[in-house]
Amino acid sequence: MKPSKRVILDAQHFDLTIKRLAHQLIENHNNFENTVILGLQPRGTFLANRIKEELQSINSKYKIEVGSLDTTFYRDDYRRRDNPLIPSKTQVDFIIEDKNVILVDDVLFTGRSVRAGLDAMLAFGRPKKVELLVLINRRYERHLPIQAKYIGKNVHSVTSERVEVSWKQNEGEDKVILYTPADE
Amino acid sequence: MSKLSVDHLLGIKYLQKEDINLIFETANHFKEVINRPIKKVPSLRDITIANLFFENSTRTKLSFELAEKRLSADIVNFSSSNSSVKKGETLIDTVNNILSMKVDMVVMRHPNPGAAYFLSQHVDAKIVNAGDGAHEHPTQALLDGFSIREKYGELKGRNVVIVGDVLHSRVALSNIFLLQKMGANVKVCGPLTLMPKYITSLGVEVLTNLREALNWCDVAMMLRIQLERQDMKFFPSLREYSMLYGLDKELLDSLDKEITVMHPGPINRGVEITSDVADSKQSIILNQVENGVAVRMAVLYLLAGKKEN
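For the protein sequence lines, the chains are G and R, in the order given. Under this note's numbering, the residues of the first sequence are numbered 477 to 660, in order. Under this note's numbering, the residues of the second sequence are numbered 79 to 387, in order.
Derived from the structure by calculation, the hints contain no laboratory data. Note that this is a predicted model, so its numbers are computed, not measured. By construction, the Cβ of each residue, glycine as well, lies at the ideal position given by its N, Cα and C atoms. Do not take every clue at face value.
A few chain G residues that face chain R, going by a derived Cβ cut-off under 10 Å, partial list only [as the list claims (entries may be wrong)]: (1) Thr566; (2) Asp574; (3) Leu598.
Pairs of lysine-lysine residues, derived as PhoX-like cross-links and limited to a Cα-Cα distance of at most 20 Å, are as follows [stated by the list, open to error]: (4) G/Lys629 with G/Lys481; (5) G/Lys565 with R/Lys265; (6) R/Lys95 with R/Lys259; (7) R/Lys81 with G/Lys565; (8) R/Lys95 with R/Lys118; (9) G/Lys565 with R/Lys275; (10) G/Lys651 with G/Lys481; (11) R/Lys384 with R/Lys335; (12) R/Lys259 with G/Lys565; (13) R/Lys311 with R/Lys327; (14) G/Lys495 with G/Lys481.
A few chain R positions that, by computed beta-carbon distances, are all more than 12 Å from chain G [unchecked claim]: (15) Leu122; (16) Ile125; (17) Val154; (18) Tyr195; (19) Lys229; (20) Pro269; (21) Met273; (22) Val284; (23) Asn287; (24) Asp296; (25) Tyr319; (26) Asp326; (27) Thr338; (28) Ile345; (29) Lys359.
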């Protein structure tokens, strides 16, 4: 089979998905008084910021704290790669002690980034409760027992396939593409 | 670029400009880490580092130890008095000891120039030079460069004068290499007896008038007179040196512009710099110390994570 690429979420559905996720958060977190959002660097931060914008457009009174969390120093593949990964910026201007934390990433696949994210998060306090929100949940090939509570879209994909999320504010267009390589 | 071009940090001389920028960028992230409520990351948890200090050190040793601990590395420390390691044989003995300890990295300070290079040729571990005689002290230059960059945004085009005992200073040599690689202008200032003969071949102008030097520069790096390395008299008296080359508040305030004062430590207050200058708002001496930990974390992180060429 030839390599192929397929849009699994176009701009319209992308927008609907973000809106749905935002409403699900409101159901569980009321007015966000005791809740903070942490986007995982590099690409979970786009989603975290978008969710914040969406929540505030629904109700401008929401005061939502969003931080970006880099997991590079907590990863379990350091020294197993040829070169160390280059970190991104961590910016968490608040303490998460006793807060409800919503960890946000664009794609959940093996679960290893989220595992590192959970470790990285603890440097800022002991949260009351942690939930995971992802735009795309790749159902197969999880390496760790990690599941998201809020899911934008479930995707059935195999390891050799690749999911790419583009963002309006970064790549000019909101969409998610699934790339399938050629059969060998 | 995401990796260093070298497997060991032996001196600034062996680094590319890109390496230095990579270390600075990584150090920026570690500076954020060490200002968190929990200052520790697990990156180096399966790494063992030997700190071999054949020469006295307070700040550098402490700074390296802190950097290693904040990266979760296992540490073994070894100190030796200066006198016992003057003969080459002892270092080879140490080399064999290190080999049998199976350490991953060695941080070494040694009174002999080239000791770190020698070790890198004989040991299957990553070597970080923490000062070899009057040769190089690369992490000090990196933290100095990082501190200037933090203050001014970039090093390019900055005028830096290094004042004092350049002859016996590994800090001066490493800083000259680093600043020139990063596009800063460097001059040295001090009595001619304390200037190495090769200095002009490095493209560094020697000034003998401190006021002239300070009026030219943005940053003044004040060096300590290293009496312990001086086997003869290089100037008539400390008092005279201090009068001609010491920086006091009166001189600092009389300059055309506000300059930044740095010192690698330890300070001899009242000799190369007076207390009111060391503690003034123009001094970034304590920032240098804080940045030292972040820069050393970056160096260890980047070296340990790199597979050998």
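Structure-based check of all given hints:
1. Given hint, threonine 566 of chain G at the interface with chain R, holds; its Cβ is 6 Å from that chain's nearest Cβ, closer than 10 Å.
2. Violation of the interface hint for aspartate 574 of chain G is found here, the shortest Cβ-Cβ separation to chain R being roughly 14 Å, above the 10 Å cut-off.
3. The restraint placing leucine 598 of chain G at the interface with chain R holds, with a minimum CB-CB distance near 7 Å, inside the 10 Å limit.
4. Restraint check for lysine 629 of chain G and lysine 481 of chain G: the C-alpha separation of about 17 Å stays at or below 20 Å, so the hint holds.
5. Straight-line distance between C-alpha atoms of lysine 565 of chain G and lysine 265 of chain R comes to about 36 Å, which puts the hinted pair past the 20 Å bound.
6. Between the alpha carbons of lysine 95 of chain R and lysine 259 of chain R the distance comes to roughly 6 Å, so the proposed pair stays at or under 20 Å and holds.
7. This hinted pair checks out: lysine 81 of chain R and lysine 565 of chain G have alpha carbons roughly 18 Å apart, not beyond 20 Å.
8. In summary, the hint linking lysine 95 of chain R to lysine 118 of chain R is not supported, as the alpha carbons are separated by about 29 Å, beyond the 20 Å threshold.
9. Under the criterion of a C-alpha separation no larger than 20 Å, the hint pairing lysine 565 of chain G with lysine 275 of chain R is inconsistent with the structure, at around 45 Å.
10. This hinted pair checks out: lysine 651 of chain G and lysine 481 of chain G have alpha carbons roughly 12 Å apart, not beyond 20 Å.
11. Taken as a hint, the lysine 384 of chain R and lysine 335 of chain R pair is broken in the structure, with Cα atoms around 44 Å apart against an allowance of 20 Å.
12. Distance hint between lysine 259 of chain R and lysine 565 of chain G is unfulfilled; the C-alpha atoms sit about 26 Å from each other, more than 20 Å.
13. Taking the CA atoms of lysine 311 of chain R and lysine 327 of chain R, the gap is about 28 Å. The hint is violated against a cut of 20 Å.
14. Taking the CA atoms of lysine 495 of chain G and lysine 481 of chain G, the gap is near 26 Å; set against the 20 Å cutoff, the hint is violated.
15. Once the 12 Å rule is applied to beta carbons, leucine 122 of chain R is inconsistent with being away from chain G; the minimum gap is 8 Å.
16. Distance to chain G contradicts isoleucine 125 of chain R as a non-interface residue, since its nearest Cβ pair spans about 8 Å, not more than 12 Å.
17. No beta-carbon of chain G is positioned within 12 Å of the beta-carbon of valine 154 of chain R; the least distance is around 19 Å.
18. No beta-carbon of chain G is positioned within 12 Å of the beta-carbon of tyrosine 195 of chain R; the least distance is around 24 Å.
19. Remark: the non-interface label on lysine 229 of chain R is consistent with the geometry, its nearest Cβ contact in chain G lying 20 Å away (cut-off 12 Å).
20. With a least beta-carbon separation of about 45 Å from chain G, proline 269 of chain R lies farther than 12 Å from that chain, consistent with its non-interface assignment.
21. Against the 12 Å criterion, methionine 273 of chain R stays outside the reach of chain G, whose nearest CB is about 40 Å from its own CB.
22. Annotated as non-interface, valine 284 of chain R keeps its C-beta farther than 12 Å from every C-beta of chain G; the closest such distance is 40 Å.
23. Asparagine 287 of chain R, annotated as away from the interface, keeps every beta carbon of chain G farther than 12 Å; the closest lies near 44 Å.
24. The claim that aspartate 296 of chain R lies off the interface holds: its Cβ sits roughly 28 Å from the closest Cβ of chain G, which is beyond the 12 Å cut-off.
25. Every Cβ of chain G is farther than 12 Å from the Cβ of tyrosine 319 of chain R; the closest lies at roughly 45 Å, confirming the non-interface assignment.
26. Interface exclusion of aspartate 326 of chain R from chain G stands, the closest Cβ pair being 41 Å apart, more than 12 Å.
27. For threonine 338 of chain R, the shortest C-beta to C-beta distance to chain G comes to about 26 Å, beyond the 12 Å cut-off, and the non-interface label holds.
28. Every C-beta of chain G lies more than 12 Å from that of isoleucine 345 of chain R, the closest at about 33 Å, which supports listing it as non-interface.
29. Non-interface call for lysine 359 of chain R relative to chain G: holds, since the shortest CB-CB distance, roughly 26 Å, exceeds 12 Å.
Checked against the numbered hints above, the structure breaks hints 2, 5, 8, 9, 11, 12, 13, 14, 15 and 16 and satisfies the rest.
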